[in-house]
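With the hints as a guide, dock the two chains, each given alone in a separate frame, to form the complex.
Residues per chain are reported as follows:
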Amino acid sequence: METILKASLAGGTRRNRERTVRVRNPITREILEAVRSRGLDSGGISMLPGEGCRPDATAWAVLALTAARFDSRDDGLIESSRSRLAAGQQKDGRISISASNPEAFWPTPLAVLAWGGSPEHAAAQSRAVNFLLSISGKHWDKVSDSPLAHDTSLRGWSWTEETHSWVEPTSMALLALKATGHGNHERVTEGVRMLLDRQLPSGGWNYGNTFVYGRELHPQPDMTGAALTALVGLVQEKQLKRSLEYLKERVSRLHTPRSLGWAVLGLGAWQSRPKNSDGWIMDCVKRQERYGTYDTTLLSLLLLAWMADQGFAFLHPADKGKL
Amino acid sequence: MKRFSIETQPVPCLTRRQFMRGALGGMLAGTFIPMLENCTRRNRHAEAFIARVGSYEADIASVVLSGLRELKVGVEEIRGKRILLKPNLIEPHRGAEHINTHPLVLRGIAEALLQMGARNILVAEGTGHNRDTLLVMEESGLGEVLREDRIPFLDLNYETSYSVKNAGGHTRISTFTLPLALRQADWIVSVAKMKTHHWAGVTLSMKNLFGVMPGIYYGFPKNLFHWEGIDKSILDITATVRPHFAIVDGIVGMEGDGPIMGEPRKAGVLVMGRNLPAVDATSARIMGIDPCKIAYLAAASGWLGTIRETDIHQRGEAIASVRTDFALVEKIEAQRGLRLA
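Taken in sequence, the protein lines are chains A and F.
Oh and the first sequence: position 39 is 38 in numbering that gives the first Met the number 0, straight run, nothing missing.
Oh and the second sequence: position 67 is 66 in numbering that gives the first Met the number 0, straight run, nothing missing.
Chain F extracted, bound-state conformation (with noise of 0.2 Å):
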């Protein structure tokens, strides 16, 4: 499996200056422009598969299956594999199904994977504001799901640790501690929840990693990202933990003040790919919002990936027959102006 390497890829569009400029200035004056010309730029290709799903009861291992196949992920590459599912849990709200990963999308990525030969699936998280992990996995609805499964499940937060040095650069974090969970996992999948985001504009799969982050290390809220910048964060994680693959749940996401108190807002859809700025790109799209305006995926393109729409191979639905323009709130700075024309 070839994983995306910062070594390999072509020299990122922005600067490091750029970046900074078009992330902090760029985004306080209300001008992108280094963020538009990085969205004009040729960049690599990828391939986004979008599938749409109508309900948490559907044949969800299915349309998993279905994706894969579409993007070419092949037995022989899962076959043997210890595979590491990364939901995105927040809150434990039982039947606030717009705030986590739904478990039966989980339940749904696992079956599938499982039928393609992978050794064994371990689902993965160090939630971010909750110390109770346990908690959210009860009142989510998870622990159930898991249980019944017999899905082993991993406290990131507490997980024994290893150091790694910032493939990113973009803040002033020079070595990262990860958990050892991830070096032993042989795939990777950032299972991530179609949500607004109050800092950020959209919390999507590379957002998602923040999760992987162990709270012993870096407090609860894990907010030493805050300080080095969010968008400077999700780059630095994305580009030092290097996931194989994304799904975003948004069969039922969150607009507004996400990604906690907004409301729920049913797209019907599982974007899925190998490249985690396209998937992102894909789901914003979807989501009636211009992935150009959102600082750490402009700046991932050309680098991590793409997100320019004519770099992304589209399988499956169209993004104009399932766009579900999520709302944005105009008082939050960070989701002002994002709305795809």
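The shape of chain A in the complex, shown without the other chains (with noise of 0.2 Å):
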């Protein structure tokens, strides 16, 4: 016993050292010296510099300053991000990409998320929570001829009202929820069951269609990363052995953020993070001079697979366990 708890706690000193030595990092620095600047004095986050307000910048800034937190420096900024977000949340619990669209509600999940482990938030995180577990959309019968292959019985989430369920929204509704203890709750068993039937048999996952008219359809990077990343702790990973070989095999021929972001989230998710991942997020924020200024939400998506090397799990470490 006395062994096991050495290790365990040499093993948590390991990590400890690690993440100082990823914080001090220059690449971690500037990426939070941009997203700093992106803070608005109204409280919130922009895309892009010089741009207002925007709930999922804001969302996934907060995710990755928590991640790189090192001293009480961006508390301040968390917070009025934390407390932006929740000043626009809707009576019923939704967070939309604008008050005009309030149909386009994709961004509640990573507002819940953003919220995590703030004790001011949790009644504005608990109105989301149930506005998840309450909201889905358009699902029918499966017909035995329909040109489309996948169950679209399951429910999952969609990214506005009224549509049919999609991987990328799952995925998040899946994270969210798990983090705030729900990972038994039905809908979350539902929304498993729904990214099982949408995974591709030659692995892997694109936005959400299987089969059209028999032909199987191509896998995307970004998304396989995500569901992988959602689907710990819910499920075996020899459900998953096709995905995570395609994304092994994929991942060192990315080089842009999305995709490259969330594959190695979606392999470290797996204990399965790529040895060269630290070389290739390097390389990634360099080539902002290839493709021009990364928005907020690429630049916190590479600092988080710079930072994490299992998936969300960091983000909320009371939950680990649980996850």
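Please keep in mind that the hints were generated in silico from the structure rather than gathered at the bench.
Careful, some of the hints might be misleading.
Straight-line distance between alpha carbons at most 30 Å, and here's what the computed DSS-like set of lysine-lysine pairs gives [to be verified]:
| hint | chain 1 | residue 1 | chain 2 | residue 2 |
| --- | --- | --- | --- | --- |
| 1 | F | Lys330 | A | Lys141 |
| 2 | A | Lys274 | A | Lys247 |
| 3 | A | Lys141 | A | Lys237 |
| 4 | A | Lys90 | F | Lys265 |
| 5 | A | Lys285 | A | Lys274 |
| 6 | A | Lys137 | F | Lys80 |
| 7 | A | Lys285 | A | Lys247 |
| 8 | F | Lys265 | F | Lys71 |
| 9 | F | Lys164 | A | Lys137 |
| 10 | F | Lys330 | F | Lys265 |
| 11 | A | Lys240 | A | Lys141 |
| 12 | A | Lys237 | A | Lys285 |
The following block contains the structure:
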């Protein structure tokens, strides 16, 4: 017992040391500076310099700032950003992309994650969770001669109101619900079934269609990474074997922030973070010279991939066991 | 530049109820009576230019200049204008030149318009299935071409937007949220790919406009439009966006199970014109497909333009000389019975 405890403490110390090294790396500082510079006096964070507040940018930035938190320097920005998200929450608990587009509620699970660990925003988080548990898109009984192969009756989450369930919003909702202790809820169970049903037989996920008129569609690395990240703790690794193989093979050829960020997170979530990840991420940050300035979502995603070696689990250490 | 405007057009040939019956009930029942009626009516005239282009290595800029000249798009119309080119970008597969609008077509168009004095060129797209537009750009080869030519790209999925009334009225959507770049552009060109489509029959310059609708408001895929009806959504978006010009890349198109999983089909043409329904109808005929049997084209005729062959002044090559029948898949409902006699 004592040996196990010592090993565990040694592991924890090593992890803390590694974390400190990462936080102090110039890449972390570069991303953090960029994200901080988009903080708005009125609260919240913009997607690009000079723009207005966007809830998705704000939530992603809070996650990144939290992940790389070293001292209290960013605490004010984190809290004001969380409050800005709460100020934009609608009565039913949703967070929409803009006030004039309430039907586009896909930022809701992001806000739930961003409010994690903040007692001040527990009520807002709870309302958002209730919204997620209550909302479901359009689903219908699977028809035998349908051109779509997936089980259309399984409820996940949609991007916008009154539409079908798709992979990314379902993955984000699962992450949010797990992080708030709802990992055993029936909607989570059904959402997991939905994601497994949308997994491509050859491995990986795309936006959410498997076969159309008998042809298997192509996987996408970002969607595969998001689904793998979400499914940690909910399914057995053997159920994802082909998807992990697909992403391990694909990741070395990814140079763009969204795909690379999610791929590293997804593989890391299953203890398969590629050895070269750090180099790829650093190279990807430098590629802004080629692609132009990354938006806040992309920078935050890269920072999360940089900091995390186990997907999203580090954001909510207390939930690690439950997840 | 005169945009086509619903206020100045003849009364639509199809009432909303007729269109609904034709597009949904009619198609399911295998009858196209309202659409055929529409095809036989006399509509406004339009012009379409067909150019034979053997490969993507050809001098596409010269071809485009010839087409613009034939279609009476003068220097005075282009000089000093901010031009937005809207390609069809779907999947990130290098070498799969039958899926996306080819980068060299965009290069040729940009070169031609800059020669005519355009103030600047912007390529803008909001991919429908992929959130990672940079990946699509990189792996399709478009990024490399645009960087070499110093042409900026705008991701319409994430662009600042504005609200505008739905000018079509076929769907239940009262207002659309559109990217600000559309309002800022002086001249919008739909640069589509010549493809069959498993939900819409064909995807050409009108269907290509789904890509201007921002994913952050409409999702990935833009599923709301599927629920509202693809045909009706195509009409509403076209009526609202009102592009000034269309160019269809049929040098290598896609047949069969388009828009992604089909096979390459070389038609060796570029088709262009001011009137989108006319350009699409001409493209469909080149593909050996009867445009009158494509629900949204039939419904657009007499309203957004014309698809009637005798009302379209064909310039350049004759349709018959370049006709290349694209394979249709019998089990795909939207492609059944489309073959041109």
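For this session: Just pull the numbers of the violated hints for me, sorted ascending.
Result: Of the numbered hints, 4, 6 and 12 do not hold.
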